[in-house]
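Peer 1: All chains should be modelled from the sequences, with the hints used to inform the complete structure.
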Amino acid sequence: MRQLLGIPVVDGVVIAEALVLDAEKYRLPAQRPTRPGDPADPQRVADERARYREAVEKAKVEVEARAEDLASEAAAAAILMVQRGLLDEEAFHQDVEEQIAAGFGAEQAVSKVVNTKRKQFRQQEFTLRLLPDLDDLEQTLIVQLLGEERETLKDLTAEVIVIARDLTPSQTMSLPLEFVKGFATDQGGKTSHTAILAQSQGVPAVVGLGRVTDIVTGGELVILDGRSGKVIVDPDERTLHRYRERRKSILQLQKELEELKALPAQTLDGHRIRLFANIGSPDEIALAIRSGAEGIGLYRTEFLYSQEEPDPSEDVHFAAYSRAIELLEGRPLVIRTLDLGADKFTPAGLGFEANPFLGCRSIRYCLMEREDVFWRQLRAILRASARGDVRLMLPMVSSLEELVRAKELIEDVKAELRSEGQAFREDIPVGIMIEVPSAALVADLLASEADFFSIGTNDLVQYVLAVDRVNQKVQELYQPAHPAVFRLLLQTVEAARRNKIPVSICGELSGEPEFTLPLLGLGLRDLSMAPSLIPKIKRFIRSITAIEAGRVVDEVLKHSAATQTAAYLVEKARDLDPEFFD
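Mapping to numbering that gives the first Met the number 0: the sequence shown position 577 is 576, numbers consecutive.
No lab work stands behind these hints: they were computed from the structure. If you're wondering where the values come from, they're calculated on a predicted model, not measured in any experiment. Backbone N, C-alpha and C fix where the C-beta goes; we use that ideal spot for every residue, glycine too. Possibly wrong hints are sitting among the right ones.
[Unchecked claim] The calculated label-pair distances, taken between Cβ atoms and stated as ranges, are:
hint, residue 1, residue 2, range
1, Gly146, Gly217, 22 to 30 Å
2, Val60, Leu444, 51 to 59 Å
3, Glu89, Gln563, 53 to 61 Å
4, Thr238, Arg43, 56 to 64 Å
Peer 2: Rendered as structure tokens:
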């Protein structure tokens, strides 16, 4: 029996035979370029160029077909943007054709240019995650050039756990989930493409294992533990029995959670908590409602940019928001304006930034670079507000001046709509995300202009601790339980309370049971999270009291170390509901 420890991505226990994907690339036909100074055969160059351009067109059709098949999966559609962007990049094609003119065959030319880009991507931390897209694109083009079909997993007839060095986006998206019950990879992190798609498809997964492909042999029995990040190869009978029993417990828990969906999220001492969902597309609303969401606390509108290039029109925005309103049937919809840049989709024309997390992203992009893009979206949101309970939320606000400037633009858009006779809600609530330390520190000032706050803990933790949340080298320093984080949360909640405006939380902490106690103890009563997490958090809330939550946060605020706080919170949560931590 061998045991490996990686990064847990999606909870769940899977026991099945391993299917190890062959990591070898396609073999290219041997072709020697002309010697330096010797002219290439013009006819051969022309033939290779024609072959390459034909392959590009076929690759575009293939990528577009994948995007169309996965139009409802916002995360998957976002990932395909890189491949579609490269296929439309004329400079990329010119580089390939230069290699062809130098005497290389089209296959070698593609690989040489991709290798150059691969080196460029490795030089920047924020482009490392794009390497799987580049690999996938290279294989797509070479498959078209060789006239071969890409290997798939369609012939499976038994349940397996896929083992791979990494999975390209197209491989992950094409997994036959009736047979692929989990996967484990050498590479990747919590924010890698593989992880994002695993979460969207609900497949138990562990990534970043380092050498699982060197250890596992196809056909070996494997246990995958998506909660702890363990992969156990060739388990002994005792271990196998233990995990089989745990799997039964997990299935029973899932059944119990299903029965809770229609019940309110209310503490044992009668405090009502409202649970909302975070989504990236109207197609996710049905799942959110089935999971018990009372509305949408965060609609990530930047995913619209992953489905239409280069910029979605006002009508595209309006249609998406209108559909969401219709599906919600009167429930609230909080629409976050564009949060573009940094680790998210970067729009064309923004240009390279050495430090994009501190650069022209989100509200800065809208106010400083592309006010026209912001204007179109504001028009669509305001028009949609006439159809239902819509609230407008601004991301990455770092100063009162930014908020005032954005509200002035909103008023200008209202004036334009009035002049056109367009209907909209005059008193639409305009709130902000608190995800920058400066915003938390001046929350009292911002509360005088904002109608509500929503705390975005993902970025807030990152900026408070100066830790890139997508950099695997410093993952251990990304500590949501850090005393500085809790002090800023408390300051924000108190500022909102004094100014009598609502405050919610929509970051990852809202979906973690061990953080539910201190969040409620701070006074938060509205939590927004991934739809699949709502039943779990509802069950936990129904097992605690607000009095106990207050005691927990009082204790947490006394702590001086993040590790101390994290251990304390897990211990308290385990005592109250041990099934979530077995």
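Peer 1: Does each hint fit the structure? Answer for all of them.
Peer 2: Status of the hints after comparison with the structure:
1. Between Gly146 and Gly217, the C-beta spacing of about 28 Å keeps the proposed range 22 to 30 Å intact.
2. Restraint check, Val60 to Leu444: a C-beta distance of roughly 53 Å satisfies the suggested window 51 to 59 Å.
3. As the Cβ distance of Glu89 to Gln563 is approximately 56 Å, the hint placing it in 53 to 61 Å holds.
4. Judged by the Cβ atoms, the range 56 to 64 Å given for Thr238 and Arg43 holds: they are separated by roughly 60 Å.
The structure is consistent with each of the numbered hints, conforming to all of them.
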